[in-house]
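Asks: Sequence:
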Amino acid sequence: MISINNLSVEFSAKSLFDGISYVINKKDKIALVGKNGAGKSTMLKIIAGLQKPTSGTVAVPQDVTIGYLPQQMKLADTTTVIEEVSQAFAHLDKMHADLDEMTAELADRTDYDSDSYHKLIDRMTTLTERLAMEESENCQAEMEKTLIGLGFNREDFSRMTSEFSGGWRMRIELAKLLLQHPDVLLLDEPTNHLDIESIQWLENFLITKANAVVLVSHDRAFIDNVTNRTIEISLGKIYDYSVNYSKYVVLRQERLEQQMRAYQNQQKQIQETEDFIERFRYKATKAVQVQSRIKQLAKIERIEVDEVDTSHLNLKFPPAPRSGDYPIIAENVAKAYGDHLVFSGATFTIKRGEKVAFVGKNGEGKSTLVKCIMGEIPFTGTLKIGHNVKIGYFAQNQAQLLDEDISVFDTIDRVAVGDIRTKIRDILGAFMFGGEAIDKKVKVLSGGEKTRLAMIRLLLEPVNLLILDEPTNHLDMKTKDILKQAIKDFNGTVIVVSHDREFLDGLVEKVYEFGGGKVKECLGGIYDFLEKKKLASLQELELSKSPTTSKTQTSLKKDAEPQQQSPASQPRLSYAEQREHEKLVRKAKKKISEAEEEIARIEGEIATVEADIAAGKTDGDIFNRHAALNKQLENAMSLWELASMEYEEISK
1 MISINNLSVE
11 FSAKSLFDGI
21 SYVINKKDKI
31 ALVGKNGAGK
41 STMLKIIAGL
51 QKPTSGTVAV
61 PQDVTIGYLP
71 QQMKLADTTT
81 VIEEVSQAFA
91 HLDKMHADLD
101 EMTAELADRT
111 DYDSDSYHKL
121 IDRMTTLTER
131 LAMEESENCQ
141 AEMEKTLIGL
151 GFNREDFSRM
161 TSEFSGGWRM
171 RIELAKLLLQ
181 HPDVLLLDEP
191 TNHLDIESIQ
201 WLENFLITKA
211 NAVVLVSHDR
221 AFIDNVTNRT
231 IEISLGKIYD
241 YSVNYSKYVV
251 LRQERLEQQM
261 RAYQNQQKQI
271 QETEDFIERF
281 RYKATKAVQV
291 QSRIKQLAKI
301 ERIEVDEVDT
311 SHLNLKFPPA
321 PRSGDYPIIA
331 ENVAKAYGDH
341 LVFSGATFTI
351 KRGEKVAFVG
361 KNGEGKSTLV
371 KCIMGEIPFT
381 GTLKIGHNVK
391 IGYFAQNQAQ
401 LLDEDISVFD
411 TIDRVAVGDI
421 RTKIRDILGA
431 FMFGGEAIDK
441 KVKVLSGGEK
451 TRLAMIRLLL
461 EPVNLLILDE
471 PTNHLDMKTK
481 DILKQAIKDF
491 NGTVIVVSHD
501 REFLDGLVEK
511 VYEFGGGKVK
521 ECLGGIYDFL
531 EKKKLASLQE
541 LELSKSPTTS
551 KTQTSLKKDA
561 EPQQQSPASQ
571 PRLSYAEQRE
581 HEKLVRKAKK
591 KISEAEEEIA
601 RIEGEIATVE
611 ADIAAGKTDG
621 DIFNRHAALN
631 KQLENAMSLW
641 ELASMEYEEI
651 SK
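Using my numbering, the first residue of the sequence shown is number 1, and each one after it goes up by one.
What the hints contain is simulated information worked out from the structure, not anything from laboratory work.
Each hint should be verified, as a subset may be incorrect.
Unchecked claim - When the alpha-carbon atoms are kept at most 27 Å apart in a straight line, the in silico DSS-like pairs for lysine-lysine are as follows:
1. Lys533 x Lys145
2. Lys35 x Lys443
3. Lys591 x Lys631
4. Lys478 x Lys440
5. Lys94 x Lys119
6. Lys237 x Lys52
7. Lys631 x Lys590
8. Lys14 x Lys443
9. Lys27 x Lys237
10. Lys237 x Lys478
11. Lys145 x Lys237
12. Lys423 x Lys478
13. Lys295 x Lys268
14. Lys35 x Lys247
15. Lys355 x Lys371
16. Lys27 x Lys518
17. Lys384 x Lys268
18. Lys480 x Lys441
19. Lys361 x Lys532
20. Lys237 x Lys268
21. Lys335 x Lys533
22. Lys443 x Lys145
23. Lys351 x Lys299
24. Lys384 x Lys480
25. Lys371 x Lys480
26. Lys14 x Lys26
27. Lys488 x Lys478
28. Lys355 x Lys533
29. Lys533 x Lys351
30. Lys390 x Lys440
31. Lys533 x Lys441
Input sequences plus hints: build the corresponding full structure.
Replies: Shown next as structure tokens:
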């Protein structure tokens with residue numbers, strides 16, 4: 001669909017891409033990965049046509065539409081949310097104009113047998129079908145469904161976009177983009193400002209409704225669930241894998257090991273050649289061989305290996321001073337702004353050493369409760385901070401508290417204590433401050449760099465209660481892994497406000513959900529919480545479908561007379577109808593069983609192919625077979641979902 005051909009990009013004589021070529025196919029869900037500075041965002045801008053490459057081309061067919069979501073948004077401040085989002089359908093006017101233009105051209109043409117005439121008819125047919133399909137949808141309903149899925153309330157629709165923070169403005173732009181249904185979606189860090197529920201909604205949308213997607217994200221769970229292909233940018237080249245991110249990590253490690261072996265063998269060959277040249281350089285009898293070796297050395301194409309990986313760094317917090325057994329005890333804590341109640345009745349106890357997560361939709365009070373704990377805002381109820389509790393707090397505005405007139409290195413050097421001082425350069429390197437970057441003044445850093453620096457500074461202070469509010473938004477996957485391990489090893493108490501499921505998985509043992517003005521405790525990890533929440537929402541859905549059930553049961557208990565029950569409330573099936581219903585249920589179960597068997601068969605074949613790839617058997621079309629099997633698996637999963645939905649419908 002889109003062909004990238006021999007693409008090269010240079011910045012200040014430094015090569016970012018060197019002769020890159022690949023194709024984006026219809027229905028591809030691609031994760032674009034690589035180290036910070038590898039060129040992921042630049043690649044998206046080039047595909048979107050916003051930036052020109054130094055050389056090479058991006059071939060986009062005329063009828064292919066591209067939607068691009070950058071990291072920074074620019075929205076008009078004079079429109080309401082619903083007015084801004086309705087701009088997603090402005091392209092329908094252009095399509096009508098294009099169709100009118102083609103119709104007029106067709107009326108003037110007389111070359112009925114020419115190729116251009118037939119191509120014009122084909123374009124008109126395609127455009128007419130597309131218009132019919134898009135206009136058949138209820139635009140208003142689509143807008144409302146999309147905005148609610150991204151976390152907006154109906155009351156927000158009439159608010160001005162200028163009233164919203166940067167994160168919410170990004171959601172407005174994302175809603176506009178999704179409603180346009182482009183052929184190719186280019187998304188640069190779309191989850192940075194979304195809560196867990198909105199991320200899951202976006203996941204489902206991209207999997208079920210989006211066409212081709214090229215995605216840059218540091219949310220591992222998100223890209224794992226959405227993508228089926230991974231393109232890594234490394235040292236100006238790309239490595240294309242027809243697998244999702246988790247499987248790519250395994251295959252990449254094998255490639256790096258092979259690359260390192262090839263590099264070491266080449267270095268050995270180069271060293272032996274150089275030794276021979278040096279030994280016999282001045283011997284006349286060896287002059288011909290020496291010249292031959294010099295030419296041979298010049299022709300060698302040097303193998304490059306990835307830069308040194310710093311993910312092995314074992315970042316440790318200073319030992320936490322011992323606090324009381326219960327660092328935080330909350331009893332009936334409530335917070336309201338005027339008539340707006342954020343939450344009430346928050347009652348919980350956090351024990352020493354516990355690691356807990358605050359989750360829920362944006363605006364439900366997670367950061368508000370953190371500010372109550374920090375004593376930054378007034379509240380009602382009782383909130384006790386335990387004996388000898390020393391809090392380390394990372395907030396969204398933490399970067400603004402840094403001294404802008406000192407260097408990156410000095411910022412960390414002033415708070416580091418003990419042996420950690422000897423590892424300052426390693427720590428800064430792990431958090432993407434390598435080389436000359438450590439001597440930069442804080443005031444010249446970008447917002448993201450300041451945030452990362454504030455995070456390092458906080459993590460080196462001797463505290464026993466860490467409160468981290470969205471700590472992963474500006475961190476890449478390696479850095480997040482380092483931070484996650486450091487928090488796991490920390491012997492103090494931790495509260496994490498985050499939407500990053502993969503980061504929270506295995507890190508927290510208790511989840512507090514904020515929603516509906518309440519704070520609910522859920523024992524277990526983040527995926528335990530999500531599973532329970534899914535079951536609870538399904539139960540609520542069932543109750544909402546039959547709201548009279550509980551009333552009917554109550555009236556039956558109060559009145560022993562059976563005729564008081566309305567026949568319409570619980571209709572009885574005849575014997576023949578019961579038999580027919582049971583037959584339909586059996587057929588639906590059989591479909592589910594057959595779909596599960598097919599899924600198991602395909603997964604077995606995929607496992608065999610991946611074992612061959614892992615063993616180095618990459619001859620023939622093994623990668624094409626792997627991609628084809630993954631497509632088959634997607635189809636089988638879709639059939640299983642349809643069968644399951646049919647069974648649920650029949651079983652009601």
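Asks: Hint by hint, say whether it matches the structure.
Replies: Checked hints:
A distance of roughly 21 Å separates the Cα atoms of Lys533 and Lys145; the hinted pair therefore holds under the 27 Å criterion. Annotation: proposed proximity of Lys35 to Lys443 holds, straight-line Cα distance about 24 Å (limit 27 Å). A hinted pair counts as satisfied when its Cα atoms are at most 27 Å apart, and Lys591 with Lys631 qualifies at roughly 20 Å. Restraint check for Lys478 and Lys440: the C-alpha separation of about 23 Å stays at or below 27 Å, so the hint holds.
This hinted pair checks out: Lys94 and Lys119 have alpha carbons roughly 20 Å apart, not beyond 27 Å. Restraint check for Lys237 and Lys52: satisfied, since their Cα atoms lie roughly 18 Å apart, inside the 27 Å limit. This hinted pair checks out: Lys631 and Lys590 have alpha carbons roughly 23 Å apart, not beyond 27 Å. A hinted pair counts as satisfied when its Cα atoms are at most 27 Å apart, and Lys14 with Lys443 qualifies at roughly 25 Å.
Of the supplied pair hints, the one linking Lys27 and Lys237 holds, its CA atoms being roughly 24 Å apart against a limit of 27 Å. Between the alpha carbons of Lys237 and Lys478 the distance comes to roughly 20 Å, so the proposed pair stays at or under 27 Å and holds. At most 27 Å may separate the alpha-carbon atoms for a hinted pair to count; Lys145 and Lys237 exceed this at roughly 41 Å. Distance hint between Lys423 and Lys478 is fulfilled; the C-alpha atoms sit about 18 Å from each other, no more than 27 Å.
Restraint check for Lys295 and Lys268: satisfied, since their Cα atoms lie roughly 17 Å apart, inside the 27 Å limit. Taking the CA atoms of Lys35 and Lys247, the gap is about 18 Å. The hint holds against a cut of 27 Å. A threshold of 27 Å between alpha carbons decides the hint, and for Lys355 with Lys371 the separation of about 18 Å falls inside it, so the pair holds. Pair hint Lys27 plus Lys518 does not hold up; C-alpha atoms about 41 Å apart against a cutoff of 27 Å.
Proposed proximity of Lys384 and Lys268 is contradicted: the alpha carbons are some 66 Å apart, above 27 Å. With a CA separation close to 24 Å, the supplied pair Lys480 and Lys441 stays within the 27 Å bound. The hinted pair formed by Lys361 and Lys532 meets the criterion: a straight-line CA distance of about 17 Å does not exceed 27 Å. Taking the CA atoms of Lys237 and Lys268, the gap is near 24 Å; set against the 27 Å cutoff, the hint holds.
Only pairs whose Cα atoms come within 27 Å are accepted, and Lys335 paired with Lys533 is accepted, the gap being roughly 25 Å. Distance restraint check for Lys443 and Lys145: the Cα-Cα separation of roughly 42 Å exceeds the 27 Å cut-off, and the hinted pair is therefore not satisfied. As the CA atoms of Lys351 and Lys299 are separated by approximately 66 Å, the hinted pair breaks the 27 Å bound. Between the alpha carbons of Lys384 and Lys480 the distance comes to roughly 31 Å, so the proposed pair goes past 27 Å and is violated.
At most 27 Å may separate the alpha-carbon atoms for a hinted pair to count; Lys371 and Lys480 meet this at roughly 24 Å. With a C-alpha separation of about 33 Å, the suggested pairing of Lys14 with Lys26 is violated against the 27 Å cut-off. Proximity of Lys488 to Lys478 is assessed by CA-CA distance (about 15 Å); at most 27 Å being required, the pair is judged to hold. Between Lys355 and Lys533 the alpha-carbon distance is near 20 Å, which keeps this suggested pair within the 27 Å criterion.
For the given pair, Lys533 sits about 24 Å from Lys351 by alpha-carbon distance, which is consistent with the 27 Å threshold. Only pairs whose Cα atoms come within 27 Å are accepted, and Lys390 paired with Lys440 is rejected, the gap being roughly 31 Å. A C-alpha spacing of about 46 Å is found between Lys533 and Lys441, which places the hinted pair above 27 Å, so the restraint is violated.
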